[in-house]
Amino acid sequence: STQSTGTISDHMLSHSFLLAAILVAAAPSMVASVLPGFSWATMPLFAHVRYANFTDAQISFLTNFSMITIQPWVPSPFIPGEQQCGEVRERVQRIDPKIPVALYVNVRYSSGLYSYDKAFLEHKDWCLIDPSTSKCYGPAGRVLFDFRQPAVVEFWASIVANATLSGAADGGYGDSGCGGHISFLSDADNQKFAAGSLQAQVSAQQMLGAEATMVANCPYEGSKTAGYPYGAGGIMYESWCSDFAAPHTTKGKAVWCRDEMLWTRVLEQNKTVLQARYYLNKNNNYNPYGGMASFLIAAYPGAYFGASVNWNLDGDWDKWPAGYSKPLGEPQAEPQMLDKYGCGWKRVYASAVVTTNYCSPYANIAWGTSTVTATEAERQMVAAGVAVVEAEGDDHPLSDKFEMRWDGEPCLEHEGRVRDAEGSVVCVRPK
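Mapping of the sequence shown onto our numbering: residues 1 to 431, in sequence order.
Source of the hints: derived by calculation from the structure; they are not laboratory data.
All of these numbers come straight from a predicted model, not from anything done at the bench.
Take every hint as true, because none was put in to throw you off.
Straight-line Cα separation of at most 25 Å, PhoX-like style, residue types lysine-lysine; simulated pairs:
(1) K340 / K251
(2) K431 / K192
(3) K192 / K135
(4) K401 / K340
(5) K118 / K135
(6) K401 / K271
(7) K98 / K271
Cβ pair distances, simulated, as ranges:
(8) L121 / W311: 17 to 27 Å
(9) G180 / G368: 43 to 53 Å
(10) V309 / K192: 28 to 38 Å
(11) P321 / E122: 41 to 51 Å
(12) E122 / S76: 24 to 34 Å
(13) H181 / K431: 16 to 26 Å
(14) L412 / T133: 44 to 54 Å
No residue lacks a Cβ here, since even glycine has one placed at the ideal position from N, Cα and C.
I would like the entire structure built from these sequences, with the hints used as guidance.
If you want it as structure tokens, here you go:
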């Protein structure tokens with residue numbers, strides 16, 4: 001049965017987080033969790049859903065995903081968020097013990113849904129004080145952590161570590177994980193607050209060790225994320241590729257998607273787990289195809305795709321597009337540029353060929369090696385009139401956010417591997 005999680009005692013809190021130091025030392029041998037299983041056989045997938053009284057059939061369906069995040073909700077009767085996650089974890093792993101189930105925790109605020117909330121609120125000086133009211137700041141009953149304080153940073157990190165070591169979770173998911181702006185703080189204090197929230201997730205990963213993952217949720221455009229926490233084990237792009245190749249895609253959104261694709265290549269070098277979440281909406285006809293194509297251009301072992309309308313299981317997480325089950329196979333090479341402008345891209349898998357164009361939004365996944373070749377996929381792209389797009393002024397669109405290095409391998413940390421139109425390996429890095 002699922003173990004209870006409990007709260008951190010005042011005794012532990014008052015000794016500068018001795019618990020945190022113990023967890024850092026003990027995590028590699030104590031963490032009874034597993035990293036996400038990865039396979040190129042079909043689309044690698046993750047799910048992020050709110051807690052509910054799931055039926056056995058729904059739990060069975062969730063085991064189709066390689067990793068799962070449970071976001072606590074308000075069940076009746078109420079049980080703490082850690083226990084909600086632990087309940088789902090126990091049921092999922094009864095079917096497949098290799099699927100990790102992570103606990104959702106908002107990085108910025110305490111919401112009253114968890115066991116740790118009471119311990120946090122007992123420390124009145126740990127919340128962010130609103131100068132206009134001299135009270136703890138936070139909307140709708142939520143209270144913001146003051147991440148300018150090292151003790152608060154370590155307290156937040158210990159939340160995820162304690163939940164994992166207690167058996168309630170296999171790691172953590174930090175919402176609002178890559179910074180933010182507080183209106184009443186100075187620029188200097190905002191920088192300190194953002195740095196502290198990033199460090200909290202890095203510290204959580206250090207406590208978890210190498211066998212569990214702390215996933216940091218980052219904002220809309222991944223390539224513009226300020227201060228991505230490289231020390232965390234994972235990252236989510238919550239709005240991966242925003243409607244790329246959808247009927248109403250704009251050129252700007254397509255360029256953002258290209259930036260996210262290139263940033264993803266950098267994440268591979270850092271061995272970072274990636275969750276690429278594509279919003280389904282009327283702009284893309286509730287079809288994940290465009291997001292899937294760009295994901296496959298950039299994918300690497302440890303990268304997972306998901307598409308939904310919202311965070312509820314019936315918000316389309318419970319749908320299964322045909323492409324999810326089609327054979328994929330290992331990529332045969334890195335993503336390859338099809339033109340000197342960095343607009344058109346191609347990726348060849350053992351059982352599929354993927355082509356995209358980020359200057360004239362276009363995406364195509366050609367499944368099956370016996371009938372579709374890379375040459376045919378490129379011909380289809382040319383026929384659509386999008387293989388090469390002339391750029392005005394600077395002849396390399398990548399120069400805005402990224403730069404390329406041709407002077408030999410291996411690619412360095414914070415550089416990603418791609419290939420140019422001639423097939424040579426190129427190292428790409430953010431400016």
